[in-house]
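Turn these sequences into a full structure, and let the hints guide you.
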Amino acid sequence: MSKKITIKIDGKPVEVEAGSYLLAAIESLGIEVPAACRYPFLPPRPVCKLCSVEVSLSGGEAKIVESCSYECVEGMDVRTNTPAVLEARKKALANMVNRCAENNLLKDIAGQMGIADEIKFGKELCTCIYCKLCIRVCDELVGANALSFKKGKVKEEEGESTPIVLDESKCILCGACAEVCPTNHLRIEEEHDRKLVHHDMELGPNSAISLSFRQAVPNVPRIHAEDCIHFRLGGCRVCSEVCPKDCIHYDDQDVIEEFEVGTIITATGFQDFDPTPMKQYGYGKLPNVISALEFEKMNNAASPTNGRIVLEDGTEPRAIAILHCIGSRDENYHPYCSRVCCMYAAKFAHLVKEKTTAEVYQCYIDMRCFGKGYEEFYKRILDEGVTVIRGKAAEVIPARYHREEEGKLLVCVEDTLISKFREIPVDMVVLCTALEAHDNASEFGRKLNISTGADGWFIEAHPKLGPVSTTTDGVFLAGVCQSPKDIPDTVAQAGAAAAQAMKLMNVGEVQMDGAYAEIHQEFCSGCKICNGLCPYNAITFEEDKKVSYVNPALCKACGTCVAACPSGAIEARHFTDEQIYAQIEGILS
Amino acid sequence: MAKPKLAVYWAASCGGCDIAILDIENKILDVADFFDLVFWPCAADFKYKDVEAMEDNSITLTLFNGAIRNDENYEIAKLLRKKSVVLCAFGSCASEGCIPGLANMFDKQGIIDYAYKQSPSTVNPDGITPQTKVKVPEGEITIPAMWNTVWTLPQTVDVDYIVPGCPPQSNQIAAVVEAVIDILKNGKELPPKGTVLGASEKTCCDECPRERNVKKIRKFVRPQEIKIDSKICLMEQGLICCGPATRAGCGAKCVTAGIPCRGCYGLPAHVRDAGAKMISAVASVIDATDPEEIQRIVDTIPDPMGTFYRFSMAESMLRRKQTT
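These protein sequences, in sequence, are chains P and X.
Residues in the first sequence are numbered consecutively from -4, following the working numbering.
Residues in the second sequence are numbered consecutively from -8, following the working numbering.
I should point out that these hints are in silico values taken from the structure, not numbers from a laboratory.
Careful: at least some of the hints might be erroneous.
No more than 16 Å apart at the CA atoms, straight line, and that leaves these computed lysine to aspartate or glutamate pairs for EDC-like [as the list claims (entries may be wrong)]:
{"no.": "1", "chain 1": "P", "residue 1": "540", "chain 2": "X", "residue 2": "202"}
{"no.": "2", "chain 1": "P", "residue 1": "551", "chain 2": "P", "residue 2": "508"}
{"no.": "3", "chain 1": "P", "residue 1": "540", "chain 2": "X", "residue 2": "283"}
{"no.": "4", "chain 1": "X", "residue 1": "210", "chain 2": "X", "residue 2": "283"}
{"no.": "5", "chain 1": "P", "residue 1": "541", "chain 2": "X", "residue 2": "283"}
{"no.": "6", "chain 1": "P", "residue 1": "541", "chain 2": "X", "residue 2": "202"}
{"no.": "7", "chain 1": "P", "residue 1": "342", "chain 2": "P", "residue 2": "399"}
{"no.": "8", "chain 1": "P", "residue 1": "480", "chain 2": "P", "residue 2": "267"}
{"no.": "9", "chain 1": "P", "residue 1": "145", "chain 2": "P", "residue 2": "162"}
So this is what it looks like as structure tokens:
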């Protein structure tokens, strides 16, 4: 505990900590002190001198000091409102005002001091008040040392507009300087004139420490190390300073935890098909051609548009095309139907009709509205005036026939119901991209001893009779990782998988099939040919006996090792060589 | 008491088995001392009619080496079976066909045509081929007819025991001889019929001193193509070593010396077809999933039939190549 001392401010005794800065004590009494160079995360430095007060120590002569960086001393007598103080502040203000263009910050301070009429701004065009906050924050907090004052006068006649010099090689584009600039002189501006970049939308804030999205579970922020000043340059640490619960630990590392479990439910979901390779649709090249998930994000109330459907230029679209089967039902990409697109496309159309006055065109191969209430929903969007065109869109191109079409898109599609080729001008194109298996699904499957099909989805034990179990006992499947399915189907399958897992856990033990491979160790010579073959990792080598061993609880009786065993030491119980020979001989006799 | 009688015969064989018997060093004196040698064409002059004159079951033990591939082989096999108490298929040719058995990859005419007419080293402008009969001034003489198929001894006559090996190792022969003498001397019970003598129940790997790991093969090579690591399993180095599918008993001599096992000690105890087993094992350790890549790797296997069925062709389930 630091020592408490008593000082007098405008005649009132105040108890403060020895060594604390005077300004805090003054403000604690509710006395307003003007300031133009303060930032809470930088140590005070008397630059603007607006916080000047009069101090006399132990009855000595009064002197003018900057209260922001003046330390309290026992028995000091502080005056904040003497003519000398006012004079000093006026002088300090005049110093700044003379050197910059008109700005609200200094005007407000002048108003606060009651001298709004007396100030006269300089002829300069820039509003930099030389508070040095930007340079200090860059040096002291960020550590980039990218900013400095120009030496000599700003030559406005030569086009120079600021006394701040930026070393672009050192700048990390963190934006801290713009954040602290009290007059908004320094700004971070994007070079393009797009109001919104659909591909870069984030749900919720996108600062370096933020929630992933507002409904995230657990609802705690995380640090994006690649954007965080601290992780990039080692400085800053502002978030840990402001956190009242001391929750921010920069040296936390990813931790791999191991659990021993009896059952595993695999619910790894899917990845969104990237339509960039389908150049005919212009995704990633043409503005306002967006993927279904990007459209969905934009519609979220927490999106940068607050749920409004807008084009890149910020205006509302007048016509939107929704293209089905992008990457699905396509021999070049995925031959399967992604199952969910028709219905979310219908939902999109409904949302557009609800939120805007835009026309909606749906280009589809087949409208697959197979679930409960789905057909009815489809009818409803037809009643809402959505135009449906039976035909897969061939191409999306920029419309260039007329000047007024600038920025519009043309969707080229054959309407197969009327045998007509159509070019539909729209403002926005939504691509209903396929659901596809994760790139590393088979690698992950190998860890669980479950296999993936040609499309990459995990294979269930039986398509009709074992839709949630796998060939590995205790490993179950739920959701899209098994095959594309919508939310009701996923919930149903997840429930079934959970029930299957519970069933095993409830019993606490597993029943084994009588058929499994067995190594007759008296005939095994330990050649290790079988060791790398078992798809279920059931074979181990017993170093002490120099023979291999099949764990019957893991063995699935696939017979791979039996066939491979060159010494005939492995026997497939219930499928022995002798049985098979006898059957062959029986057939041939 | 009369000495037990011993016969040794060679059918279609190279003579190595006879040499191997002689190679048991001073133990041969025990043999001579204990047995009354009644028939051994390689080592002493006996005539078939001597054997024919013997009473049935008068020979205590016959060691029969060589495969059965002509009338003479078959006649003598039948004769010795009749005259012997214990008939032992001795060596690889008698028990599984061995190198002569590879003739089953061809037919008789094909073999004669190649050997007497087509082979690059043949000079035979008159196109003379072997005949079973020939007229000489003294009259017509015959020689035994060669068969289209090479058979093993157990395929032609009832055999009591098998001593594998090409040739059986001297120490194993000595051990077998000692055991037989012991049994006969002390009136012990003979091992069950069909027992493989002078070998173990495990495979060559059991005797191999090399370090073994999980095998993943991307290319098969011949011994001269690589510098062979002296410590590691030969198969892991891409050499096709038939040791895993070959009965132990030889003492793993070849593999210890750095030459892959060729499989002369025959089938392991629980294998019906060593070549098929070996093919299955080799196929299992090929490290590729792409069919074309697998084909490329398989194509590097030198002489598959001669590699996998070098000793067991005649005995295998294939038995011979189908000819029309």
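Each hint, compared with the structure:
no. : hint          : result
1   : P:540 - X:202 : 14 Å, holds
2   : P:551 - P:508 : 8 Å, holds
3   : P:540 - X:283 : 39 Å, violated
4   : X:210 - X:283 : 13 Å, holds
5   : P:541 - X:283 : 35 Å, violated
6   : P:541 - X:202 : 11 Å, holds
7   : P:342 - P:399 : 30 Å, violated
8   : P:480 - P:267 : 14 Å, holds
9   : P:145 - P:162 : 11 Å, holds
Checked against the numbered hints given earlier, this structure breaks hints 3, 5 and 7; the rest are met.
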